[in-house]
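Asker: The listed protein sequences correspond, in order, to chains A and B.
Numbering-wise, the working numbering puts 29 at position 29 of the first sequence, and it's gapless, one number per residue.
Numbering-wise, the working numbering puts 90 at position 90 of the second sequence, and it's gapless, one number per residue.
Hints listed in this document are in silico derivations from the structure and should not be mistaken for laboratory results.
Take these hints with a grain of salt, some might be off.
[Unchecked claim] Between beta-carbon pairs, the in silico distance windows are:
hint	chain 1	residue 1	chain 2	residue 2	range
1	A	P183	B	V34	48 to 56 Å
2	B	Q141	A	P183	37 to 45 Å
3	B	Q141	A	R107	24 to 32 Å
4	B	L192	A	F17	53 to 61 Å
5	B	L131	A	P183	45 to 53 Å
6	B	H14	A	R107	29 to 37 Å
7	B	Q22	A	H139	24 to 32 Å
8	A	A19	B	Q141	25 to 33 Å
9	B	H14	A	H139	16 to 24 Å
10	A	P109	B	I183	34 to 42 Å
[To be verified] Selected chain A positions facing chain B (Cβ under 7 Å, derived; list incomplete):
hint	residue
11	H77
12	D90
13	A92
14	L93
15	A94
16	D95
17	N96
18	L105
19	G106
20	E108
21	I119
22	L120
Virtual Cβ for every residue (Gly too), placed ideally from N, Cα, C.
Residue strings, one per chain:
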Amino acid sequence: MNDGEPILSVRNVSKAFGAVQALNRVSFDVFPGEVVALAGDNGAGKSTIIKAISGVFHHDEGDILLGGKPIKFATPHEARASGIETIYQDLALADNLSIGENIFLGREPKRRLLGVLPILDRTKMAVAAKETMASLDFHVTRLEAPVAAFSGGQRQAIAIGRAIFWNARLVIMDEPTAALGVPEQRRVLALIKSLRGQGKGVIFISHNLRDIFEVADEIVVFRRGENSGKRKPSQTTPDEIVKLMVGN
Amino acid sequence: MTIAATSPSAALPHPIIVWIAQLRAWVFLIILVVFFEVWARLSDGSSFILNGYNLQSILVFATAPLLLALGQTFVIISSGIDLSLGFVMGLSSVIAAHASNYFAARWGFPPFAAMVAAILSGTLVALAPGLVNGLLIARLQIPPFIGTLGMYGVARGAAYLFAGGMTIAIDNEWYAAIGNGRIFGVPVLVILTAIACLVMHYLLSQTRFGQHTYALGASKAAANRAGIDIKGLTVKLYLLSAVMAGIAGALYTGRFTAGAAQAGEPLLLDSIAAVVIGGASLFGGSGTIWGTIAGALVIAVIQYGLVFINVEPFWQFIAVGAVIIVSVLVDQTQRRLMGGRQVE
Numbered sequence: 001m002n003d004g005e006p007i008l009s010v011r012n013v014s015k016a017f018g019a020v021q022a023l024n025r026v027s028f029d030v031f032p033g034e035v036v037a038l039a040g041d042n043g044a045g046k047s048t049i050i051k052a053i054s055g056v057f058h059h060d061e062g063d064i065l066l067g068g069k070p071i072k073f074a075t076p077h078e079a080r081a082s083g084i085e086t087i088y089q090d091l092a093l094a095d096n097l098s099i100g101e102n103i104f105l106g107r108e109p110k111r112r113l114l115g116v117l118p119i120l121d122r123t124k125m126a127v128a129a130k131e132t133m134a135s136l137d138f139h140v141t142r143l144e145a146p147v148a149a150f151s152g153g154q155r156q157a158i159a160i161g162r163a164i165f166w167n168a169r170l171v172i173m174d175e176p177t178a179a180l181g182v183p184e185q186r187r188v189l190a191l192i193k194s195l196r197g198q199g200k201g202v203i204f205i206s207h208n209l210r211d212i213f214e215v216a217d218e219i220v221v222f223r224r225g226e227n228s229g230k231r232k233p234s235q236t237t238p239d240e241i242v243k244l245m246v247g248n
Numbered sequence: 001m002t003i004a005a006t007s008p009s010a011a012l013p014h015p016i017i018v019w020i021a022q023l024r025a026w027v028f029l030i031i032l033v034v035f036f037e038v039w040a041r042l043s044d045g046s047s048f049i050l051n052g053y054n055l056q057s058i059l060v061f062a063t064a065p066l067l068l069a070l071g072q073t074f075v076i077i078s079s080g081i082d083l084s085l086g087f088v089m090g091l092s093s094v095i096a097a098h099a100s101n102y103f104a105a106r107w108g109f110p111p112f113a114a115m116v117a118a119i120l121s122g123t124l125v126a127l128a129p130g131l132v133n134g135l136l137i138a139r140l141q142i143p144p145f146i147g148t149l150g151m152y153g154v155a156r157g158a159a160y161l162f163a164g165g166m167t168i169a170i171d172n173e174w175y176a177a178i179g180n181g182r183i184f185g186v187p188v189l190v191i192l193t194a195i196a197c198l199v200m201h202y203l204l205s206q207t208r209f210g211q212h213t214y215a216l217g218a219s220k221a222a223a224n225r226a227g228i229d230i231k232g233l234t235v236k237l238y239l240l241s242a243v244m245a246g247i248a249g250a251l252y253t254g255r256f257t258a259g260a261a262q263a264g265e266p267l268l269l270d271s272i273a274a275v276v277i278g279g280a281s282l283f284g285g286s287g288t289i290w291g292t293i294a295g296a297l298v299i300a301v302i303q304y305g306l307v308f309i310n311v312e313p314f315w316q317f318i319a320v321g322a323v324i325i326v327s328v329l330v331d332q333t334q335r336r337l338m339g340g341r342q343v344e
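Construct the complete structure from the given sequences, taking the supplied hints into account.
Answerer: Right, here's the structure in full:
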């Protein structure tokens with residue numbers, strides 16, 4: 001799986017907030033079609049590294065390479081424009097709008113009514129929504145329904161669908177299963193596998209070792225801002241990961 | 001593993017039911033009209049609504065609160081509120097009356113030109129309070145309730161100061177015709193308000209501006225993530241609502257051939273009531289122009305109808321108040337039944 005160029009390379013990245021060293025020489029790679037799980041206790045640096053990747057703030061030292069080129073995004077919008085999509089727990093969906101309207105929010109397509117009056121092209125939005133969601137094995141019958149009508153796992157799929165539609169190369173998911181019931185967790189894990197099948201890179205933050213072992217191709221363990229280990233799920237055990245997370 | 005084919009059908013009723021629920025203000029309007037109609041037939045054999053005079057009076061009566069409510073609809077959908085509208089309307093009414101007299105007397109404008117200049121002046125002066133409201137809320141993060149309440153006071157004082165504490169009479173037959181004339185038997189005010197409704201409906205339902213207004217009301221985070229200029233949008237929303245109040249004020253001056261600072265004083269609450277009865281949530285994110293139109297007509301029919309059946313006029317306030325409360329209760333129940341999440 002790890003042939004070819006990585007989508008994302010994190011090389012010896014450090015970041016300090018005042019006297020607190022949040023990240024200390026952290027390195028890992030994400031290849032196309034690879035799911036990288038970031039594991040670690042609270043405050044271990046998982047959120048800090050994804051924020052540095054997604055343009056929320058800048059790292060102090062080291063390099064973050066996207067497709068081989070060093071990046072330092074000024075804003076999350078820039079990161080998104082370069083194909084890095086971060087999906088936070090709140091999903092940032094407008095609950096009152098449909099799936100298509102959410103996908104196109106801020107970039108709404110238009111057509112001309114009777115060749116004159118510019119109006120929103122709702123048909124185009126609905127078609128894009130249907131096709132995008134179908135690519136995630138999510139078959140929507142009521143395309144006009146507001147996003148609020150969907151369940152937590154379905155809403156996660158919508159946020160992912162939005163990222164795919166705009167050609168995200170790397171999808172970062174922060175605790176995507178945390179607020180969900182068990183059947184919904186299964187669906188989100190299936191979504192992550194579906195993203196892998198489409199050749200996207202996925203960074204997946206989770207506290208749940210069972211989820212990590214189910215979907216991850218590579219587990220990067222963080223402890224007090226440092227890489228404490230990298231393992232393939234097939235070559236390690238949950239016990240070993242926990243030891244790497246908490247130390248001896 | 002794949003995700004099973006799913007649809008939200010369990011959570012969402014049939015589209016026709018959703019549609020009827022959205023039109024409930026119209027259903028309520030029809031019930032009210034039927035009530036007064038039956039009353040009129042039974043009491044003296046006359047007709048309430050098929051009587052051209054009554055119908056025109058109700059429609060004209062509804063124009064001013066409806067114009068305010070159109071702008072208020074946008075603001076409320078964005079999860080804001082504009083409390084300054086009543087006195088912005090008064091300020092515009094006074095400025096329009098002054099302008100009408102001034103352009104005619106000082107610069108010798110013919111009546112038609114003086115009317116146009118007056119309506120433009122009245123409308124444009126509203127840009128100032130609208131801009132300040134928008135900047136206070138967008139840039140300085142003042143809650144809309146507080147920012148526009150402050151502007152309510154400022155606009156009120158300014159209106160009375162410009163009026164010198166009096167009403168400003170105008171003498172311009174063109175201007176009076178705008179407020180009282182008819183085209184093919186339809187009052188000009190009703191035609192102008194209908195045009196405003198169409199334009200506002202277009203803006204809200206068919207443009208990015210409208211779409212972003214809904215998004216902002218539902219989730220600031222979603223709007224921000226989508227790259228929407230939230231601050232610019234907020235300023236535009238308060239400019240829009242102020243300009244609608246300016247138009248209402250300028251038209252008031254034509255209708256009563258006088259500018260008055262208190263022109264819009266009783267209409268602010270009616271404008272909010274119309275939006276709420278029309279199905280918008282005061283928490284933002286929902287509402288339509290069609291609903292607001294029905295809401296404004298419901299209020300006008302209640303007020304006119306109660307006078308029509310000789311109920312003491314003070315009952316109007318109680319009736320409208322009760323309708324507002326019932327509307328919100330129905331709205332909340334409906335949201336629960338529709339499976340939509342309650343507002344956090």
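Asker: Going back to the hint list, which numbers does this structure go against?
Answerer: Failing hints: none at all.
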